[in-house]
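Since chain A is already given, all that's left is putting chain B with the ligands on it; use the hints.
There are 2 protein chains.
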Amino acid sequence: MSRPNLALIGATGAVGTVMRDIVSTRDDIWGEIRLVASPRSAGKTLKVRGEDVVVQALAPEVFDGIDIAIFDVPDEVAAEWVPVAAARGAIAIDKSGTFRMEPDVPLVVPEVNPQDARQRPRGIISTPNCTTLSMMAAMGALHAVYGLKELVVASYQAVSGAGVAGPARLYDEVEALAGDRSVGQTAGDVRKVLANKLSDDSPFPAPIAFNVVPWAGSYKDGGWASEEVKLRNESRKILGIPDLKVSATCVRVPVVTTHSLAVHARFERDVTVADAHRVLEAAPTVVLMDDPANGVYPTPLDVVGNDPTYVGRIRQAFDFPNTLDLFVCGDNLRKGAALNAAEIAELVAREL
Amino acid sequence: MSRPNLALIGATGAVGTVMRDIVSTRDDIWGEIRLVASPRSAGKTLKVRGEDVVVQALAPEVFDGIDIAIFDVPDEVAAEWVPVAAARGAIAIDKSGTFRMEPDVPLVVPEVNPQDARQRPRGIISTPNCTTLSMMAAMGALHAVYGLKELVVASYQAVSGAGVAGPARLYDEVEALAGDRSVGQTAGDVRKVLANKLSDDSPFPAPIAFNVVPWAGSYKDGGWASEEVKLRNESRKILGIPDLKVSATCVRVPVVTTHSLAVHARFERDVTVADAHRVLEAAPTVVLMDDPANGVYPTPLDVVGNDPTYVGRIRQAFDFPNTLDLFVCGDNLRKGAALNAAEIAELVAREL
Ligand SMILES: NC(=O)c1ccc[n+]([C@@H]2O[C@H](COP(=O)([O-])OP(=O)(O)OC[C@H]3O[C@@H](n4cnc5c(N)ncnc54)[C@H](OP(=O)(O)O)[C@@H]3O)[C@@H](O)[C@H]2O)c1
Ligand SMILES: NC(=O)c1ccc[n+]([C@@H]2O[C@H](COP(=O)([O-])OP(=O)(O)OC[C@H]3O[C@@H](n4cnc5c(N)ncnc54)[C@H](OP(=O)(O)O)[C@@H]3O)[C@@H](O)[C@H]2O)c1
Chain A
14 MSRPNLALIG ATGAVGTVMR DIVSTRDDIW GEIRLVASPR SAGKTLKVRG EDVVVQALAP
74 EVFDGIDIAI FDVPDEVAAE WVPVAAARGA IAIDKSGTFR MEPDVPLVVP EVNPQDARQR
134 PRGIISTPNC TTLSMMAAMG ALHAVYGLKE LVVASYQAVS GAGVAGPARL YDEVEALAGD
194 RSVGQTAGDV RKVLANKLSD DSPFPAPIAF NVVPWAGSYK DGGWASEEVK LRNESRKILG
254 IPDLKVSATC VRVPVVTTHS LAVHARFERD VTVADAHRVL EAAPTVVLMD DPANGVYPTP
314 LDVVGNDPTY VGRIRQAFDF PNTLDLFVCG DNLRKGAALN AAEIAELVAR EL
Chain B
14 MSRPNLALIG ATGAVGTVMR DIVSTRDDIW GEIRLVASPR SAGKTLKVRG EDVVVQALAP
74 EVFDGIDIAI FDVPDEVAAE WVPVAAARGA IAIDKSGTFR MEPDVPLVVP EVNPQDARQR
134 PRGIISTPNC TTLSMMAAMG ALHAVYGLKE LVVASYQAVS GAGVAGPARL YDEVEALAGD
194 RSVGQTAGDV RKVLANKLSD DSPFPAPIAF NVVPWAGSYK DGGWASEEVK LRNESRKILG
254 IPDLKVSATC VRVPVVTTHS LAVHARFERD VTVADAHRVL EAAPTVVLMD DPANGVYPTP
314 LDVVGNDPTY VGRIRQAFDF PNTLDLFVCG DNLRKGAALN AAEIAELVAR EL
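So the protein sequences, as listed, match chains A and B.
Residue numbers 14 to 365, in the working numbering, belong to the letters of the first sequence in order.
Residue numbers 14 to 365, in the working numbering, belong to the letters of the second sequence in order.
Calculated from the structure, these hints are not laboratory results.
Worth double-checking, as some hints may not be accurate.
Examples of chain B residues toward chain A, derived with CB under 7 Å [said to hold, decoys possible]:
1) Tyr-169
2) Glu-188
3) Ala-189
4) Thr-199
5) Asp-214
6) Ser-215
7) Pro-227
8) Ile-254
9) Pro-255
10) Lys-258
11) His-277
12) Leu-314
13) Gly-318
14) Phe-340
All residues carry an ideal CB built from backbone N, CA and C; glycine is no exception.
Only chain A is shown next, with the shape it has when bound in the complex (with noise of 0.2 Å):
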């Protein structure tokens, strides 16, 4: 067929954002690219390939004409559109949680599970949370090799997670703290600082300037942050392991983008150091970093901006059979978003 076309919903956000930067660096196999935002953005003009294009606003007619349709939007602005969207005619892929446990829409990442793009019964194809997905080429590549059973997670998370706001607040926070060498030692101090200085609309629930804090998402039962019970849920469809058994801690740090990853993650096989960094070099979208005793393994910021999911610190479990331990850093906004849901549309799109 001709070029398809396709639509980025939410391209003003920090998804869209990113979006917009990683169609225009990749192979170019698209026809029309339309921006399409809220009400509030139409008008606006903004760079896709190189070139300006004015942002619609949602409505049903900006995908006449689309095949692939990307929603980067919130949850409830994707409830209601992303079915549009499928109705007239575009395949929808979804960076939203609203689809990603139903059971007749696949949730995908392509270097796992990609022959699940192909079965999409109600024309949306999900792409996972970010957490989950800062974690999953890694773990799909060891789960291929070693058949994973377990995994314990405690993830440190970046502040635009929360989308454009998140950024914006530490960085407001950080410039309202910075010069004064006191504070964060005495408890209560730094929300005095904020509350005198900054509006307390925050996207977080508690100061995260020299902070962090253990809470991602809404209420579940039991205690759970809706991040955690993802975090499990999406493991388990993405990687086909509908009873591996899935603990997380979901905490929100001071880092603007990248999320990281303590994984403690145990295979129905014995897997050594040396035959994860076998597995973990042949993958092609891991890059390893593991060389501790000469201070190399992932941080954040050393991460950020780049494609690949990053892995180090990998250790064989002193007490726990068949267990590595180790971290692992992505781009929230890259392979945990953006990346993701561009590599779902190419893959659907070379199978048009």
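Just chain B with the ligands now, kept in the frame of chain A:
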């Protein structure tokens, strides 16, 4: 006996400064309090119990007439001088890593194993590393009732755990970066700004502002960091569980003071969230902050400067039997260091 005399060795350091504050505010059971540091600090005047005291340079004579000497100095200084203090008849309470795992040196957390402080054939009592200590009051209380079997821990460690140089570096980096609302968005950008503005003399192996660094301590076989190995070995010794299974990943975060830990803990017996609440509420040095539906959980900025161990985010694991996931915060300079040493000193002093 008359009031015991106390010497604080390392009185000028990060832990030593909190130590002076703590002995100045707790019940005053001491005769003389002597302040000791390196020859660099000799002659300086520092406050303790509201009085000016002249710092003495470390030398054998500083232990003359001293009943209890608390050491808050680097490992190699402790290795040399703790035995000198003991040989001169003082009971040495040592915060360094030097003696902790020696079989004839007790490793004491007063809430957990106070009886161990009585068996001190060498006249030395060790106090645990700050990461282990940050969770011990809570894990000890749960262990006493439910029997701990396994721990998987990921840490969020404050910069003051690296001594006074830690906060100084974090404040420097924050000042160098504040106001630039693009930092942290491309790989290496922060490294470049810091290389231009600051010396590369940092206690951390990577930038710590806007970053997390998965390394704490020195290199150990198998790719482990010494802090991770300590957390395993010291937890076993303090709790008296020689076969406790432990895996830990230690990560430094841009928090000034207060370590946090995401803990996945498996017990011998079934334990619900309500059970854990009951046990932790009854533990005198633990504060339960666990009502996430109403935004109640501990964060370092709300805990810093306080003595107790704060626990929240307690959840029953979905997929692991007898297992809780939880989040613990403790001030690494207080309970994690100075307070625990002061409590040991008081325990010992009562029985002199
Ligand atoms: N940030 C991440 O790391 C990340 C990772 C994984 C998943 N996600 C998910 O990706 C989606 C987008 O997140 P984000 O971080 O990019 O959020 P964001 O920065 O807040 O951007 C939201 C986007 O949605 C648009 N939008 C909002 N309401 C709309 C409406 N009624 N009609 C049409 N467009 C509307 C906004 O347009 P205007 O500018 O016109 O308001 C903007 O383009 C969310 O579902 C989020 O959960 C984000
Ligand atoms: N910070 C924490 O959270 C923490 C927690 C647990 C354990 N620790 C341990 O506690 C100890 C002290 O740590 P810190 O963080 O307080 O370090 P710090 O801030 O660097 O202070 C070091 C102290 O040791 C003194 N010192 C250094 N060399 C000396 C020498 N040759 N003779 C006599 N005194 C000497 C210093 O005196 P000058 O000022 O005169 O140099 C200073 O008082 C270390 O063993 C550390 O591993 C620290």
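Practice item. Against the earlier hints, flag every one the structure doesn't satisfy and list their numbers going up. Key: 3, 5, 6, 8, 9
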